[in-house]
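The listed protein sequences derive, respectively, from chains R and L. If you use numbering that gives the first Met the number 0, the first sequence corresponds to residues 0 to 250, in order. If you use numbering that gives the first Met the number 0, the second sequence corresponds to residues 0 to 196, in order.
Any given hint might turn out to be false.
[Said to hold, decoys possible] Derived EDC-like pairs (lysine to aspartate or glutamate); straight-line CA-CA distance at most 20 Å:
#1 53(L) - 15(L)
#2 162(L) - 88(R)
#3 53(L) - 42(L)
#4 162(L) - 41(R)
#5 53(L) - 81(L)
#6 162(L) - 45(R)
#7 162(L) - 17(R)
#8 162(L) - 83(R)
#9 53(L) - 15(R)
#10 53(L) - 85(R)
#11 162(L) - 15(R)
#12 162(L) - 152(L)
#13 162(L) - 131(L)
#14 53(L) - 14(L)
#15 162(L) - 132(L)
#16 53(L) - 8(L)
#17 162(L) - 130(L)
#18 53(L) - 83(R)
#19 162(L) - 85(R)
#20 53(L) - 4(L)
#21 162(L) - 149(L)
#22 162(L) - 5(R)
#23 53(L) - 16(L)
#24 53(L) - 88(R)
[To be verified] Simulated restraints, written as ranges between beta carbons of each label pair:
#25 159(L) - 88(R): 35 to 41 Å
#26 180(L) - 32(R): 54 to 60 Å
#27 48(R) - 76(L): 22 to 28 Å
#28 80(L) - 126(R): 43 to 49 Å
#29 81(L) - 89(R): 22 to 28 Å
#30 41(L) - 95(R): 32 to 38 Å
#31 158(R) - 81(L): 49 to 55 Å
#32 31(R) - 180(L): 19 to 25 Å
[Stated by the list, open to error] Under 8 Å between C-beta atoms, here's a sample of chain R residues computed to sit facing chain L:
#33 10
#34 54
#35 56
Simulated from the structure, these hints should not be mistaken for lab results. Just so it is clear, the structure is predicted and the values come from calculations on it, not from any experiment. Backbone N, C-alpha and C define an ideal beta-carbon position, used for all residues, glycine too.
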Amino acid sequence: MAGCDEIHELISAYVEGDLDAASAARVARHVGGCADCAELAETVADIVAAGAALSELEPPPQLAADIGAAPCRRWLGLLYRAVDREISDANLSRLLTHLESCPSCRRSWNDLALIHQIGDAMTPPPGLLERCVAIRRRAVERRVIGRRTATAAAYVLAVLTSLVIGNPVTLARNQAADAVQRVASSVSQEVNDVAADGRGEARVVVWRAWRFLERQATLVRDALHLSDSKDRSTAPAEKGAAHDAHEGEPR
Amino acid sequence: MLDLEATVERCRTGDEEAWTALVAATMRPLYRLCASYSPTSGEAEELTQEVFFKLWENLHRYTPGSNFMAWAWRVARNLLIDAHRRCRRERSAAWLDSEIIESLPAEDDPHAEAERRQRLRLIAHGLRHLDEELAELILLRDFAGWSYQEIAEAADLPLGTVKSRLNRARLELASAVRRRLQIRAVPDAAVSAPGSA
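Construct the entire structure; sequences and hints are all you get.
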């Protein structure tokens, strides 16, 4: 009896009925006694039958008409290639013959050719390329601190500000909100200015920011001190009135 | 019957009627070929249009007297392969997708019909995981209905090589289908076991 490997080599031809009588009988005998090869032959037959099922697949009825109709749509593809100078000689010859007999395609050709001529005419003046390259080079050399770095620095400064002057919410409750906002917006403006003009080096920015921060922190401390003193001096008089006012506020 | 060679020759001289006749004569096998490579019937339609444009554009390269369909496949092959790769990449689905299977005419016996569709789905799934060149042989021979000779001419391979490679392709696909069937059979057996005990 033939071995399984030998039968595997013949299985396609066996399923398709492409073997001579002796070989077909040999495969049939083996398949009759070997469940594994029998199952394999059955599955290969399924694959062949599945393909046969596709022979029933019909193209949509309008497809042939779509492809056959509107010949100018086809020629337009060649027109584009001709304008881009990517057309073969044989197709160019076909196209020129067609253009002689098709006014619509001739108009498209004229339009496309005109666009191309305008494009050709718009050549850059001499020296422009070198100037553009030089601008780019200068821009790269000047950029010491980028916008992203500056934004990150602004966040760091904002955090430092809140650490130095205390919790902004508490301060706002203590009528120092205006002072805090002034500090925040001033610092933010300072950093944005630096980022926008792209000048200065990182250490200059940090140094200036620290100096500025110190000044603003002093101002805030003074403001807080002043506010606390005022609160203490007016507290006994206002306590009752404030209590009454809170009672009357809608919730 | 249409003389394909003469029609192609007339097409090359710009005869629009000849082009319409050529499209009508080759539409069915070329659509079937495109449908084998497309995931949906809509994409099969688009691909068929692209293929016909490519053929029309390259008509001057056709050698009169050679096999037109084999030449058409060679011209369209890159389009077909690109379509297949795009589908595989974008949707992890290609080769004989369920939409194409569902669009096939139904058999009278609902049970036989359900079995046939199930078989097609399993084969389609197996094809997705088959090596691209092997899958292509199955598409051309079994789905597009080409003869061995036509495949050999189109792929520029000896006839014997086509036969042995196709045999290998079918064996690999059959193994994939059987593995899938076994995976499905296991839960079924597990479900039926308590009832039978």
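Once the shortest beta carbon distance from residue 56(R) to chain L is found, is it less than 8 Å?
-> holds (6 Å)
Is it true that the CA of residue 162(L) sits at most 20 Å from the CA of residue 15(R)?
-> holds (11 Å)
Is 22 to 28 Å right for how far apart the beta carbons of residue 81(L) and residue 89(R) are?
-> holds (24 Å)
Assess, step by step, whether the Cα of residue 162(L) is no farther than 20 Å from the Cα of residue 132(L), and give holds or violated.
-> With a Cα-Cα distance of about 14 Å, the restraint between residue 162(L) and residue 132(L) holds, given a limit of 20 Å.
When you check the alpha-carbon spacing of residue 162(L) and residue 45(R), does it fall within 20 Å?
-> holds (18 Å)
When you check the alpha-carbon spacing of residue 162(L) and residue 17(R), does it fall within 20 Å?
-> Between residue 162(L) and residue 17(R) the Cα gap is close to 11 Å, so the pair holds against 20 Å.
Look at the Cβ atoms of residue 180(L) and residue 32(R) and judge whether their distance stays inside 54 to 60 Å.
-> violated (22 Å)
Would you say the C-beta atoms of residue 158(R) and residue 81(L) sit inside 49 to 55 Å of each other?
-> Roughly 53 Å apart at Cβ, these two residues keep to the hinted range, so it holds.
Regarding the pair residue 53(L) and residue 15(R), is the alpha-carbon distance no greater than 20 Å?
-> The hint is violated at about 34 Å.
Verify the proposed pairing of residue 53(L) with residue 42(L), using a straight-line Cα cut of 20 Å.
-> holds (16 Å)
Return holds or violated for the Cβ distance of residue 159(L) and residue 88(R) against the range 35 to 41 Å.
-> holds (40 Å)
Would the pair residue 53(L) and residue 16(L) pass a check requiring their Cα atoms to be no farther apart than 20 Å?
-> Cα-Cα ~18 Å, so holds.
In summary, the numbered hints that this structure violates are 2, 8, 9, 19 and 26.
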